[in-house]
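> Chains X and E, in that order, are what the protein sequence lines are. According to this note's numbering, the first sequence is numbered sequentially starting from 3. According to this note's numbering, the second sequence is numbered sequentially starting from 7.
I should point out that these hints are in silico values taken from the structure, not numbers from a laboratory. Glycine is no exception: its CB is placed at the ideal position from the N, C-alpha and C atoms. Some hints could be false.
[Stated by the list, open to error] Short, incomplete list of chain E residues facing chain X, as computed with Cβ under 8 Å:
no. : residue
1   : A56
2   : P78
3   : I83
4   : G84
5   : M85
6   : F87
7   : S89
8   : A91
9   : F93
10  : N95
11  : F104
12  : G105
13  : Q109
14  : T156
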Amino acid sequence: MSRAETGPARLYHRTVVYVLFIILLLPLAGTLVYSLASSWSATILPSGFTFKWYVALWSDPRFLMAFGQSLLVCVGALILSIVLILPLLFVVHYHFPKLDALMNILILLPFAVPPVVSSVGLLQLYGSGPFAMVGTPWILIGCYFTVALPFMYRAITNNLQAINLRDLMDAAQLLGANTWQAAFLVVLPNLRKGLMVALLLSFSFLFGEFVFANLLVGTRYETLQVYLNNMRNSSGHFNSALVVSYFLFVLLLTWAANRLNKDKD
Amino acid sequence: MSFVSVEHLQKNYASTAVFSDINCEIAKGEFVTLLGPSGCGKSTLLRCIAGLTSVNSGRILLDGHDLVPLTPQKRGIGMVFQSYALFPNMNVEQNVAFGLRMQKVNSDDSHKRVAEVLKLVELNEFANRYPHQMSGGQCQRVALARSLVTRPRLLLLDEPLSALDARIRKHLREQIRAIQRELGLTTIFVTHDQEEALTMSDRIFLMNQGRIVQSGDAETLYTAPVNVFAAGFIGNYNLLEAEDATRLMQRPINSRVAIRPEAIQLSLTGSLEGEVRSHSLLGNVIRYRVEARGVELVVDVLNRSASDLHPDGRRVTLTIEPSALCEVA
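Please construct the entire structure, taking both the sequences and the accompanying hints into account.
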């Protein structure tokens, strides 16, 4: 502590922070303890601790399947959004900067319509006809792509505005680079931070998405949240183990991404 | 024959013309400056020469060949930007070597040439730094080194000093000029700062509203402005209407005249009487506002000693040599 704070004020500040911390962590800690308890019903403390719920969870083929399928849908949607959004952003900012204002509005549309409402629309559109995709993972990938758009677009736009795209491109071209070389050697490496933030944010959001997954695909291509919903009548300990596992996975991923992002400076 | 020549160059954005008929010639090894207020088209002209902006018609000849149909990659032109435009993901050495990498120069050669050019800008100890670890002046020197390493036929400098603070700016402008002389590099420099233009250039093109108003060396531009704009933009000329000038000089003058403030002598024994209205200290120069015969004139006097200072309200006399009057259109 470099700031010299007097006793009572410091105590007060710390208390506020800790209380907030506890409020946020308490449910999670409770879930964690519950997932480790062998049984815990009419007593203040659990009667014993065990890993059996985790063992049961991680050896359930249905869970592993749902986990993998969630991963696949999320990664698929994110790859699709990178492939489409990066060139789009590049073109908007380099060639048509005036379009940025319009894009900022368009990009928020996925949030303007509540998921339940847009699901109904999507069911109508893709339930039959040439694009009958309801019940397949493809509709989920497409739908998640639109949900990820605002995150991706905003984070990368901020990054693009910070690097002075036009001058960098001009400088690279005068030094002999063609547009592709300039984009890959100069612009893309400088977008890494924004891209990472965008991907993490979208991934954590999509990995926990339930409404679209349940309404558009349901049990035909079970994702993690749908599985959790379907298991709601089974043991609470088991479900707690699922929630904690899910949380740890996202935590681990965030940590790994931060590590990868932290070289150089 | 001139090395660079711009002929009837025309550039429009949508339906508004940035410039419609630019002509200029630049000799090999010459350092010329495009000087003008913002929006006069000087930067656009520079970008047209670089190939970063397309032109509507006209030719840009470099060493006898028309550049207009060529892409910027093929023009052999180096450019330094106001924002430095260093690649943030690369260190100094990688930044400077980028042009050589694009030309597929082998790594030994590239290493040697990068070291040479970094030494030229006195940054050879900074090869492993990243742009964000360096000051503005250092960044701009890296940018200069990066544009020199490919041995361009023509160097373009787009307000390279405008983002720097005054002290660094003065130092760097001498350094740029020294390097340019040493390499004998034909250079076009864009600025809105008259002091930079006057001190650095072999020749200055003064631009306004998409036209070259006047061209010539610093001496000519400073002492013989061709019109009101030139007189107003360079120096701190006193611009007088014909009738004011007639009254002041007490002889018929039938055009507007410009008088440099330092060409007017202030004394207590002359014939033209006036009164000091106000004064401001610019450092080595004291700038007075003196009213004489109903005309307010700016008079610059060298600040020799504090005892020479004329307080506001003092009666003084002015001496204006007839040769100090410059008729402007």
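> Each hint needs a verdict: does it hold in this structure or not?
Status of the hints after comparison with the structure:
no.: 1; hint: A56; result: 6 Å, holds
no.: 2; hint: P78; result: 5 Å, holds
no.: 3; hint: I83; result: 6 Å, holds
no.: 4; hint: G84; result: 7 Å, holds
no.: 5; hint: M85; result: 5 Å, holds
no.: 6; hint: F87; result: 5 Å, holds
no.: 7; hint: S89; result: 5 Å, holds
no.: 8; hint: A91; result: 4 Å, holds
no.: 9; hint: F93; result: 5 Å, holds
no.: 10; hint: N95; result: 4 Å, holds
no.: 11; hint: F104; result: 5 Å, holds
no.: 12; hint: G105; result: 4 Å, holds
no.: 13; hint: Q109; result: 6 Å, holds
no.: 14; hint: T156; result: 7 Å, holds
In this structure, none of the earlier numbered hints is contradicted; all agree with it.
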